[in-house]
Amino acid sequence: MSLLRRIPNLELLAFFVVLSVFFCFYAPHFNTASNVENLLSGYAFIAILAIGQSYPIMVRGIDLSIGSIVALGAMIIFDLVMIWEVPGYLAMPLALCVALAAGAVNGALIVYCRLQPFVATLASMAAYRGLVYAISGRQLFPELATKPIRDPWITGIEEYYDIGGATGLDQVVNLPWIPLSFLILIAVMVTSQVMLSHTNFGKNFKITGGNPEAARLAGINTKRTIISAYAISGFCAGLAAIILVARLTTATEALGNGMELTAIAAAVIGGISLQGGLGNSIGPVVGAFLLGIILIGLTLMGVSQFVQQILSGAILVGAVTYDLYMSKTRARRARALQSGV
Amino acid sequence: MQTNQIDIKALLPVYALPGAIAVIVMLFTAFDPVFVTPSNLLAIIHQISITGIMAVCMTFVIMTGGIDLSVGTVLAMSGLISYFMLLAGFPLPLAITVGILAGACTGCFTGYLVAYIGLPAMIVSLGSLSIIRGSALLAGGPDLHQIQNQPGFEFIGNGFIAGVPLSVWLFVLVTAILVFVQRKTVFGLLVSNVGDNERAAFLSGRATRRIKMATYAICGMGAALAGIIQASQVHTASATFGEFGTELDVIAAVVLGGTSMMGGKGSILRTVMGVLFLGVLNNGFNILDVPIEAQLMVKGAIIVVSLSLTEWANAKAV
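Chains as they are written, first to last, in numbering that gives the first Met the number 0: chain A, 0 to 340; chain B, 0 to 317.
Some hints here could point you the wrong way.
Partial pick of chain A residues on the chain B-facing surface, computed with a CB cut under 8 Å [stated by the list, open to error]:
| # | residue |
| --- | --- |
| 1 | 125 |
| 2 | 132 |
| 3 | 199 |
| 4 | 267 |
| 5 | 303 |
| 6 | 306 |
| 7 | 308 |
| 8 | 311 |
| 9 | 313 |
| 10 | 316 |
Coverage of chain A stretches by chain B, computed from C-beta distances (three or more under 8 Å per stretch; other residues unrestricted) [unchecked claim]:
| # | region |
| --- | --- |
| 11 | 109 to 116 |
| 12 | 255 to 266 |
| 13 | 319 to 328 |
With the Cβ distance kept under 10 Å, some of the chain B side facing chain A (calculated, not the full set) [as the list claims (entries may be wrong)]:
| # | residue |
| --- | --- |
| 14 | 141 |
| 15 | 143 |
| 16 | 238 |
| 17 | 302 |
Honestly, the hints are just simulated from the structure, not real lab data.
Every residue, glycine too, gets a C-beta built ideally from N, C-alpha and C.
Use the sequences and the hints to build the structure in full.
This is the structure:
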């Protein structure tokens, strides 16, 4: 039992399992390999965005600009590959660097110009979207707009691995092929979680978010920590951009519009407290896939997408209510400990 | 030298925005004299009246340290409700009243969750955004509904009184009421008290939760009125109106007007300045045919620069 209690997001995982079982019985074709494949490849980039978003939220901020950064990264890959014919192994790191820099600029605006995170990233959301239109290779060279990207390095991201076939398990059950984007997500999640719990750099995020003033007095460079949080968020948006370009084999100016809200929802559902200072990197991933199974499951059950919209709103409100309840419980426990009961 | 510097910093927050509007107007006029013709100036105010009504009504919410992201969908919903009421043969005043009351109800819903349960305003209003959008789509579908043979309804968005569009009069009326509320009533004073120090206001026996809920109701009513005006202007009601981005424009206008997102500080009249500023900018860009990418980048840059200037001036003043 004590081992169980050490698993974070236990309630969320339980809810996830219960919901999956429910859909397996009531949604036709839900428990098929191809549906799981769709779920894995369709929500892996959302989960990556949610992991990224959890860093600004952890330091008591918010990043509204990630949708625009996704478009920016994607458009840079498009330009480099299609116009200058840069090979993919150079274009992708360059796009990641730009995404990282775009995130760091957000952080700098918040730290040095002392802007509210909401306002600063709202402004940069507009500015980065404008930048995407300005550098759009689709408008500069309209003939490129209909040509797919054929660079083997980039299309290689959209790869599926037949794990079941390789291990011989597919003779027993029909296993889904695992998309590479899902493996990237797992790598990001593990790296991020190890960083958060085992390095000073990672621990500083939670300490700064928990109490910025105390963190500063304890000698933590809070300015650098906050800028890093936004840079990580930008970097994750860059990763999502690469995955999306590989999937679509092109980039559009409107790519990523509204994605920030889904990412914020996934992070909050995944237990990243908006009060700051709490959370891990597994929660946002579970949160993203929870949103995924709800939407896919309800679609398969034939529920109208309008009802789905109502339900996802209700789930979001439910998740924050639960977060509030939990933080009150924590506060009560802390008080009880202090008074020596 | 020293005194001179302090003066600039003290004056900056008050005169920066009107000054910036004047500079921009002069710049645009230099490029194209059409800009300052009375008809164009009236057109600017006409264009901003919908965003303006939403922005002045949102000011109180932001002053209490909250935010309401659901205004875009409330706008769509109220237009749709009025349309259905008119279609069913109800008289015009009733249709409008019910539309606005529906906005007040959704505002109360969001406000209740924020004020009484204590949930974060941004996430709650995000949730109610998708609940309201879903309900509106369920009721009206994604189609555009033509509003025909309703001269009274069409007058709201397209009519003129004394040469000025009715929507502008409504904007002025709403602003006047809210300025009165802010300056002359206890409620207006309490709103900034709650934003300044909610705990202190609560301990001194103020009904802080009811005040906070009321600000969201006002915001919802403003968005609903804006929705009715918009439906009337384009003779159409649709659940897809007020798409993503509407709320951000409204918030940008409020924040540009100097209302702090931390709560406490803010003024209705300065929000009007913020709305005017964005309206002048948009209109000028359109007249000069500035491409969309430059528009977006300049808008982002202006928000950052003006807010960091205000922040800098405030920090020095303390």
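Hint check results:
Taken as an interface hint, residue 125/A checks out: its beta carbon lies about 4 Å from the nearest beta carbon of chain B, inside 8 Å. At a threshold of 8 Å, the smallest CB-CB gap from residue 132/A to chain B is about 4 Å, leaving the interface hint in force. Of the supplied interface hints, the one on residue 199/A is violated, with its beta-carbon coming no nearer than about 29 Å to a beta-carbon of chain B, more than 8 Å. Interface hint status for residue 267/A: upheld, as the beta-carbon distance to the closest one in chain B is roughly 6 Å, under 8 Å.
Nearest Cβ of chain B to the Cβ of residue 303/A: about 7 Å, under the 8 Å cut. The hint holds. Given hint, residue 306/A at the interface with chain B, holds; its Cβ is 7 Å from that chain's nearest Cβ, closer than 8 Å. A hinted interface residue such as residue 308/A counts as satisfied when its beta carbon comes closer than 8 Å to some beta carbon of chain B; here the least separation is about 3 Å, so the hint holds. Using the Cβ-Cβ criterion of 8 Å, the hint placing residue 311/A at the interface with chain B is satisfied: the shortest such distance is roughly 6 Å.
For the restraint placing residue 313/A at the interface with chain B, the shortest Cβ-Cβ distance is roughly 6 Å, inside the 8 Å limit, so the hint holds. Proximity of residue 316/A to chain B holds as hinted, the smallest CB-CB distance being about 4 Å (cut-off 8 Å). Under the rule that three or more residues need a Cβ within less than 8 Å of chain B, the assignment of the region 109 to 116 of chain A holds, with 4 such residues. Coverage of the region 255 to 266 of chain A by chain B holds [criterion: at least 3 residues with CB-CB distance below 8 Å; count 5].
Restraint check on the region 319 to 328 of chain A versus chain B: 3 residues with Cβ-Cβ distances below 8 Å, three needed, restraint holds. At its closest, the beta carbon of residue 141/B sits 9 Å from a beta carbon of chain A; the interface hint therefore holds under the 10 Å criterion. Annotation: residue 143/B was flagged as interfacial toward chain A, and the flag is violated, the nearest CB pair being 16 Å apart, outside 10 Å. A least Cβ separation of about 8 Å between residue 238/B and chain A falls short of the 10 Å threshold, and the interface hint therefore holds.
The beta carbon of residue 302/B comes within 4 Å of a beta carbon in chain A, closer than 10 Å, and the hint placing it at the interface holds.
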